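**Q** Working from the sequences, and respecting the hints, build out all of it.
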Amino acid sequence: MITEHPIAGKVLIATLNSWRYFAALSAFAMLFALLMLFFADYSVVMLAVSLMLGLACHYYCWRLWMDSHLFNILYRFPEKTEIFDTAINMCWGKKGENNRSLDSRWAGARQLLHRAGLSVLVQWGVVILTVLFSGFE
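In the numbering used here, the protein residues as written are 1 to 137.
Possibly wrong hints are sitting among the right ones.
Within a straight-line C-alpha distance of at most 20 angstroms, the following computed EDC-like cross-link-like pairs (lysine to aspartate or glutamate) qualify [as the list claims (entries may be wrong)]: (1) K80 - D103; (2) K10 - D103; (3) K95 - D41; (4) K10 - E97.
Label pairs and their in silico Cβ distance ranges [stated by the list, open to error]: (5) G125 - W62: 20 to 30 angstroms; (6) S101 - A40: 13 to 23 angstroms; (7) K95 - A40: 50 to 60 angstroms; (8) V45 - F84: 39 to 49 angstroms; (9) F84 - N17: 18 to 28 angstroms; (10) L34 - D85: 15 to 25 angstroms; (11) F84 - L121: 27 to 37 angstroms; (12) S18 - V45: 22 to 32 angstroms; (13) L121 - W62: 16 to 26 angstroms; (14) V44 - V11: 37 to 47 angstroms; (15) F39 - D85: 44 to 54 angstroms; (16) W65 - N99: 41 to 51 angstroms; (17) L31 - S134: 40 to 50 angstroms.
If you are wondering where the hints come from, they were derived from the structure by calculation, not from laboratory data.
The structure displayed is predicted, hence computed values, not measured ones.
C-beta: ideal position from N, C-alpha, C; glycine also.
**A** Next comes the structure, spelled out in structure tokens:
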């Protein structure tokens, strides 16, 4: 499989490291929403929704950061997936097997990446809509 090739792993890790940009864009939107909340007369509900989306985005960014480090370990020691899975289970207090395929892990990482990107887009959408439609109240 292509996902098992070391170059594919480096591409995935580089892509996962884009969490920094999502986090920065989201933090800027959160700061903007907080400033609007304290210094202007905008919808509190809309700004609260924006802040909650920002927190969700930062959760996904943390997960992407962790996945980039974990995939780095996986690609460094590809023959040790059983030990890797056992260590993950011990860290998170899980019982039982966690034998996921590399394709499954890739799919999960892509899903996190999409969720982080979508949460930033929706967060900024809420902020922009709040600014645009605040004059109609």
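**Q** Could you see if the CB distance from F84 to N17 stays within 18 to 28 angstroms?
**A** Check passed, 20 angstroms falls within 18 to 28 angstroms.
**Q** Is 41 to 51 angstroms a correct range for the gap between the Cβ atoms of W65 and N99?
**A** violated, 24 angstroms
**Q** Look at the Cβ atoms of L31 and S134 and judge whether their distance stays inside 40 to 50 angstroms.
**A** Cβ of L31 to Cβ of S134: about 18 angstroms, so the range 40 to 50 angstroms is violated.
**Q** For the range 37 to 47 angstroms, tell me whether the beta carbons of V44 and V11 fit it or not.
**A** Hint holds: Cβ distance 43 angstroms, inside 37 to 47 angstroms.
**Q** Taking the CB of V45 and the CB of F84, does the distance hold inside 39 to 49 angstroms?
**A** holds, 44 angstroms
**Q** Using the Cβ atoms, figure out if F84 sits within 27 to 37 angstroms of L121.
**A** holds, 33 angstroms
**Q** Does the hinted range 50 to 60 angstroms hold for K95 and A40 at CB?
**A** Given range 50 to 60 angstroms: holds, Cβ gap about 51 angstroms.
**Q** Just tell me: holds or violated, for the beta carbon distance of S101 and A40 against 13 to 23 angstroms?
**A** violated, 51 angstroms
**Q** That 22 to 32 angstroms hint for S18 and V45 (C-beta), does it hold up?
**A** holds, 31 angstroms
**Q** Is the hinted range of 15 to 25 angstroms satisfied by the C-beta distance from L34 to D85?
**A** violated, 41 angstroms
**Q** Cβ-Cβ distance between F39 and D85: within 44 to 54 angstroms?
**A** Roughly 50 angstroms apart at Cβ, these two residues keep to the hinted range, so it holds.
**Q** Holds or violated: K80 and D103, Cα atoms, limit 20 angstroms.
**A** Given that 20 angstroms is the threshold and the Cα spacing comes to 16 angstroms, the pair holds.
In terms of the numbered hints stated before, the structure departs from hints 3, 4, 6, 10, 16, 17, listed from lowest to highest.
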